[in-house]
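These protein sequence lines are chains D and V, in that order. The letter at position 56 of the first sequence is residue 56 when you use our numbering, and the numbering goes up by one with no holes. The letter at position 311 of the second sequence is residue 311 when you use our numbering, and the numbering goes up by one with no holes.
Some hints here could point you the wrong way.
Negatives, chain V to chain D, calculated, CB over 12 Å [said to hold, decoys possible]:
no., residue
1, V11
2, R47
3, F208
4, E216
5, E224
6, Y331
7, A367
Derived coverage of chain V by chain D (criterion: at least 3 residues anywhere in the stretch with Cβ under 8 Å from a Cβ of chain D; other residues may be distant) [said to hold, decoys possible]:
no., region
8, 126 to 136
9, 145 to 152
10, 347 to 359
11, 378 to 386
Keeping only pairs whose Cα atoms sit at most 30 Å apart, straight-line, the calculated DSSO-like set for lysine-lysine is [what the hints assert, rightly or not]:
no., chain 1, residue 1, chain 2, residue 2
12, D, K141, V, K403
13, D, K49, V, K190
14, D, K49, V, K288
15, D, K169, V, K149
16, D, K141, V, K143
17, V, K190, D, K141
18, D, K169, D, K75
19, V, K288, V, K190
Derived from the structure by calculation, the hints contain no laboratory data. The C-beta atom is built at its ideal place from N, Cα and C for all residues, glycine as well.
Residue strings, one per chain:
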Amino acid sequence: MARPKLAIFKFASCDGCQLSLLDCEEELLAVAGLVEIANFLEASRAVVKGPYDLTLVEGSITTSHDAERIQQVRKQSRVLVTIGACATAGGIQALRNFKDVREFTSAVYATPEYISTLDASTPISQHVRVDFELRGCPISKAQLVEVLGSFLHGRRPSIPTYPVCLECKRRGTVCVMTAHGTPCLGPVTQAGCGAICPSYQRGCYGCFGPAEAPNTASLGNAWEKSLGASRPELVRAFRSFNAYSAPFRMASDAYEHERT
Amino acid sequence: MPTSTSARNRVVSVPALARVEGEGGLEIRLRGGGVADVKLRIYEPPRFFEAFLRGRSFREVPDITARICGICPVAYQMSSIHAMEAACGVTVGGPLRALRRLLYCGEWIESHALHIYLLHAPDFLGYESAVHMAADHAEAVQKALELKKVGNDLVTLVGGREIHPVNVRVGGFYRVPTRRELLAISDRLKRALDLSLETVAFTASLQFPDFERGYEFVALKHPEEYPLNEGRVASTRGLDIPVSAYEDHFIEEHVPHANALHSVRKGHGAYHVGPLARYALNYERLPKVAQEAARAAGLGPVCRNPFRSIVVRAVELVFACHEALRLIDTYEPPERPFVEVEPRDAVGHGASEAPRGLLYHRYAIGADGLVRTARIVPPTAQNQKTIEGDLWDFIPQVMDLPKEELTLRCEQAVRNYDPCISCATHFLKVDLVRE
Numbered sequence: 001m002a003r004p005k006l007a008i009f010k011f012a013s014c015d016g017c018q019l020s021l022l023d024c025e026e027e028l029l030a031v032a033g034l035v036e037i038a039n040f041l042e043a044s045r046a047v048v049k050g051p052y053d054l055t056l057v058e059g060s061i062t063t064s065h066d067a068e069r070i071q072q073v074r075k076q077s078r079v080l081v082t083i084g085a086c087a088t089a090g091g092i093q094a095l096r097n098f099k100d101v102r103e104f105t106s107a108v109y110a111t112p113e114y115i116s117t118l119d120a121s122t123p124i125s126q127h128v129r130v131d132f133e134l135r136g137c138p139i140s141k142a143q144l145v146e147v148l149g150s151f152l153h154g155r156r157p158s159i160p161t162y163p164v165c166l167e168c169k170r171r172g173t174v175c176v177m178t179a180h181g182t183p184c185l186g187p188v189t190q191a192g193c194g195a196i197c198p199s200y201q202r203g204c205y206g207c208f209g210p211a212e213a214p215n216t217a218s219l220g221n222a223w224e225k226s227l228g229a230s231r232p233e234l235v236r237a238f239r240s241f242n243a244y245s246a247p248f249r250m251a252s253d254a255y256e257h258e259r260t
Numbered sequence: 001m002p003t004s005t006s007a008r009n010r011v012v013s014v015p016a017l018a019r020v021e022g023e024g025g026l027e028i029r030l031r032g033g034g035v036a037d038v039k040l041r042i043y044e045p046p047r048f049f050e051a052f053l054r055g056r057s058f059r060e061v062p063d064i065t066a067r068i069c070g071i072c073p074v075a076y077q078m079s080s081i082h083a084m085e086a087a088c089g090v091t092v093g094g095p096l097r098a099l100r101r102l103l104y105c106g107e108w109i110e111s112h113a114l115h116i117y118l119l120h121a122p123d124f125l126g127y128e129s130a131v132h133m134a135a136d137h138a139e140a141v142q143k144a145l146e147l148k149k150v151g152n153d154l155v156t157l158v159g160g161r162e163i164h165p166v167n168v169r170v171g172g173f174y175r176v177p178t179r180r181e182l183l184a185i186s187d188r189l190k191r192a193l194d195l196s197l198e199t200v201a202f203t204a205s206l207q208f209p210d211f212e213r214g215y216e217f218v219a220l221k222h223p224e225e226y227p228l229n230e231g232r233v234a235s236t237r238g239l240d241i242p243v244s245a246y247e248d249h250f251i252e253e254h255v256p257h258a259n260a261l262h263s264v265r266k267g268h269g270a271y272h273v274g275p276l277a278r279y280a281l282n283y284e285r286l287p288k289v290a291q292e293a294a295r296a297a298g299l300g301p302v303c304r305n306p307f308r309s310i311v312v313r314a315v316e317l318v319f320a321c322h323e324a325l326r327l328i329d330t331y332e333p334p335e336r337p338f339v340e341v342e343p344r345d346a347v348g349h350g351a352s353e354a355p356r357g358l359l360y361h362r363y364a365i366g367a368d369g370l371v372r373t374a375r376i377v378p379p380t381a382q383n384q385k386t387i388e389g390d391l392w393d394f395i396p397q398v399m400d401l402p403k404e405e406l407t408l409r410c411e412q413a414v415r416n417y418d419p420c421i422s423c424a425t426h427f428l429k430v431d432l433v434r435e
């Protein structure tokens, strides 16, 4: 039986999420034995034509050329999974969506007419149908292996959507917000990283994006009332790697315009 | 030897370079038996980091700049932290300084092992990828993965996770490891040191084209140590300046075929950053074990053959493992994991040695701690003009090869630099910023 064909495509991103696959040092050669790595430009010159059984997409859409290219990628892919905050939420580069991109370009490049870019950085799901979104900035290796394994076996990946707080409880980390008064996004951020930051005595800063049904207003209220956080601090906290995901976008917009 | 007109006038086009970080292409035009044009195309879309850093708190910057590159996030964190501390008039020394060096060693091990074995070696041995190579060279690929894992585990131990570490902050760390936690990785680092020495021997056994260029090498130079986080910016043609004077001597030109800027040294032209440059300027600071490995591999104190950069990278692997062991051996945990840093209205400059070469940052911040302007000059930007220069000079040696082979040789010449195109794409002239 032919091995399933795996393809990896990159859009605007830092390469870190696809690097996670190469960072699976102990699993890499095993994975390479189970699938045919048909398109993985970061690792190989050999490119096998589509269609592909499983396609991983890293990065966000920021140019009209890429908006076209993702359509082609979708057509060639039986199952398409987006990996990382750029692909699932537009990434840190979606901070441009809150500003005037023309000003960005002319502020930044000496010869802006050489630069072609769209006004917004958008997630893949705004352009094509996506079969599964794997969160994280970067993604977790363990979750990536789970996604690969589940699609090889034809089942849905088992990826929790509860908040980081549950991971802190499970690993026995004392709550940094209640014990030390450290602002933490853990209560509204999806688990998956393993609650690393609180175990290093710092607050979660939202790499995995909004958890299911996050209560951003309640958290913002606690930051303001109990921890003395300012409105601009709240705006910035929600505006990072997952700034353009709907719950975080609405929260930062609300605090920016003082509506809460 | 085929010398038909079609062989003499041809276009070598690599629309998408493989085994580099990020998206770039190569276009070469040959005419009448000579090279007519060489263009390294950067089409990775711009991400505008320097623009959206404006208005962010100086404390958030290391977490944000890490996201420029998934392969060398520590380099971005370190250069921005040093710039911020310089702006605020703070110097971090003692065990915190040592821990930063240790974290950086982890990144060098991980990144160099990745490049040597998984990205570059397949060119020399004639494979499309390390996975293809593993069929015949299973042991080499296993060694690569083992080395890479030790590097990643060291970054995780000190930084919290291997990609985009969470434990780094302006002033130090959020939490520092105990002596015991660090000692737990010592045995594996000793094994990594042995593997690194084997890596030097392995890379020295590869076939190299007879090709040298008279580069101006530019790297940090430190009186006592092989440079990672600190030093003056020095060159093999007599430049010796503090990091804060970098922009007086280096400028960037925006070219239409790339979403990146070409760096030149004012009045001197293209220059070369990365392992070859560090090695040429700091050979005396390498530990004995690394110097001996270099000599056994046939390297002198300066290497001008860019194809041999794979050997120099391996020598730096030896250094990084040796240095990590030394730092762990002498580590005494600091009383506090960080020093307090209060913002003030000032400009700060920082430079560190990313695995791919000199990485310069400059920030202006206000007394409110918010960033006013930012400028970042990554290594691949600085090497871009030199990479094109290498191709101009190298192609005449190989231009009569069949197209497939010629293309592969040209790609290999680009991969000599371990180019990180993801990094190279976002540069900008913040001097022109209008608030």
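Here is how each hint holds up against the structure:
| no. | hint | result |
| --- | --- | --- |
| 1 | V11 | holds, 19 Å |
| 2 | R47 | violated, 4 Å |
| 3 | F208 | holds, 20 Å |
| 4 | E216 | holds, 24 Å |
| 5 | E224 | holds, 30 Å |
| 6 | Y331 | holds, 18 Å |
| 7 | A367 | holds, 15 Å |
| 8 | 126 to 136 | holds (count 6) |
| 9 | 145 to 152 | holds (count 5) |
| 10 | 347 to 359 | violated (count 0) |
| 11 | 378 to 386 | violated (count 0) |
| 12 | K141(D) / K403(V) | violated, 39 Å |
| 13 | K49(D) / K190(V) | violated, 44 Å |
| 14 | K49(D) / K288(V) | violated, 50 Å |
| 15 | K169(D) / K149(V) | holds, 29 Å |
| 16 | K141(D) / K143(V) | holds, 20 Å |
| 17 | K190(V) / K141(D) | holds, 26 Å |
| 18 | K169(D) / K75(D) | violated, 43 Å |
| 19 | K288(V) / K190(V) | holds, 16 Å |
Violated hints for the displayed structure, listed by number in ascending order: 2, 10, 11, 12, 13, 14 and 18.
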